[in-house]
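Trainee: This is what each chain is made of:
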Amino acid sequence: SAVISQKPSRDICQRGTSLTIQCQVDSQVTMMFWYRQQPGQSLTLIATANQGSEATYESGFVIDKFPISRPNLTFSTLTVSNMSPEDSSIYLCSVLQGANTGELFFGEGSRLTVL
Amino acid sequence: GENVEQHPSTLSVQEGDSAVIKCTYSDSASNYFPWYKQELGKRPQLIIDIRSNVGEKKDQRIAVTLNKTAKHFSLHITETQPEDSAVYFCAAKRGFGNEKLTFGTGTRLTIIP
Chain A
4 SAVISQKPSR
14 DICQRGTSLT
24 IQCQVDSQVT
34 MMFWYRQQPG
44 QSLTLIATAN
54 QGSEATYESG
64 FVIDKFPISR
74 PNLTFSTLTV
84 SNMSPEDSSI
94 YLCSVLQGAN
104 TGELFFGEGS
114 RLTVL
Chain B
416 GENVEQHPST
426 LSVQEGDSAV
436 IKCTYSDSAS
446 NYFPWYKQEL
456 GKRPQLIIDI
466 RSNVGEKKDQ
476 RIAVTLNKTA
486 KHFSLHITET
496 QPEDSAVYFC
506 AAKRGFGNEK
516 LTFGTGTRLT
526 IIP
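From first to last, the protein sequence lines stand for chains A and B. Sequential numbering of the first sequence, starting at 4, is according to my numbering. Sequential numbering of the second sequence, starting at 416, is according to my numbering.
Accuracy of the hints is not assured; some may be wrong.
Cβ-Cβ distance ranges computed for the label pairs, FRET-style [said to hold, decoys possible]:
id, chain 1, residue 1, chain 2, residue 2, range
1, B, 435, A, 17, 43 to 51 Å
2, B, 486, A, 18, 40 to 48 Å
3, B, 457, A, 101, 18 to 26 Å
4, B, 497, A, 118, 31 to 39 Å
5, B, 496, A, 43, 18 to 26 Å
6, B, 476, A, 18, 41 to 49 Å
7, B, 432, A, 53, 19 to 27 Å
8, A, 72, B, 430, 27 to 35 Å
If you're looking for bench data, these hints aren't it; they were derived computationally from the structure. Beta carbons: idealized from backbone N, C-alpha and C, even for Gly.
Between the sequences and the hints, there should be enough to build the whole structure, so can you do that?
Mentor: Okay, structure coming up:
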């Protein structure tokens, strides 16, 4: 299995501030996926991060709020900008376990609480 | 886009009994259907998946069935144990590559000792 390291694992943030979450994978992957899981809810795809091009955002998510970087094939960052209490969630990065397997493998997640 | 509905939202089962969770999907082109288990405070992990060319797949105490015509699939857990207590998510997508995976709303399964 891929090894995905996410930082921070948790943080408490003040309203109006921004926080950047880092995701490091132990192997090169074409795409990395960022999901949000609000308290007690399901997983919602925020965006797909491609190396060398802009991320592709899902409906309801915009680059100004969730800027993403993908500088190389093993690393990505997601920033949650100008946070409000509604942004309190677990943010998870994920990668495909292997070509043509379909299996999505998740990092441990970053639990953000916005006061 | 794809829409996945999941039922029930909560399920309590006596230890040793069976549990069944059902999902329906909207996109007839979807052909990959995984199930994820998320224990409290942990990441979701794949427990079983099925492709559209197969009607049923089994792995020890868990099994998944797929009805393409009706566009629904189910997770079956037999001889439930306390460690089966978790939230289970179904999902669906087209293809086995970088296509978007759409998740159901989740089922909180509680096994009563």
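Trainee: Next, verify each hint and record whether it holds.
Mentor: Against the structure, the hints:
1. Our hint of 43 to 51 Å for residue 435 (chain B) and residue 17 (chain A) holds, since their Cβ atoms are close to 45 Å apart.
2. Distance hint check for residue 486 (chain B) and residue 18 (chain A): the Cβ-Cβ separation is about 43 Å, which falls inside the suggested range of 40 to 48 Å.
3. At roughly 22 Å, the beta carbons of residue 457 (chain B) and residue 101 (chain A) sit within the given window of 18 to 26 Å.
4. Between residue 497 (chain B) and residue 118 (chain A) the beta carbon distance is about 36 Å. The supplied range of 31 to 39 Å therefore holds.
5. Our hint of 18 to 26 Å for residue 496 (chain B) and residue 43 (chain A) holds, since their Cβ atoms are close to 24 Å apart.
6. Range check, residue 476 (chain B) to residue 18 (chain A): about 46 Å between beta-carbon atoms, so the 41 to 49 Å window is met.
7. A hinted range of 19 to 27 Å is violated for the C-beta pair residue 432 (chain B) and residue 53 (chain A), which are about 46 Å apart.
8. For the hinted restraint 27 to 35 Å between residue 72 (chain A) and residue 430 (chain B), the CB-CB distance of approximately 47 Å leaves it violated.
In summary, the numbered hints that this structure violates are 7, 8.
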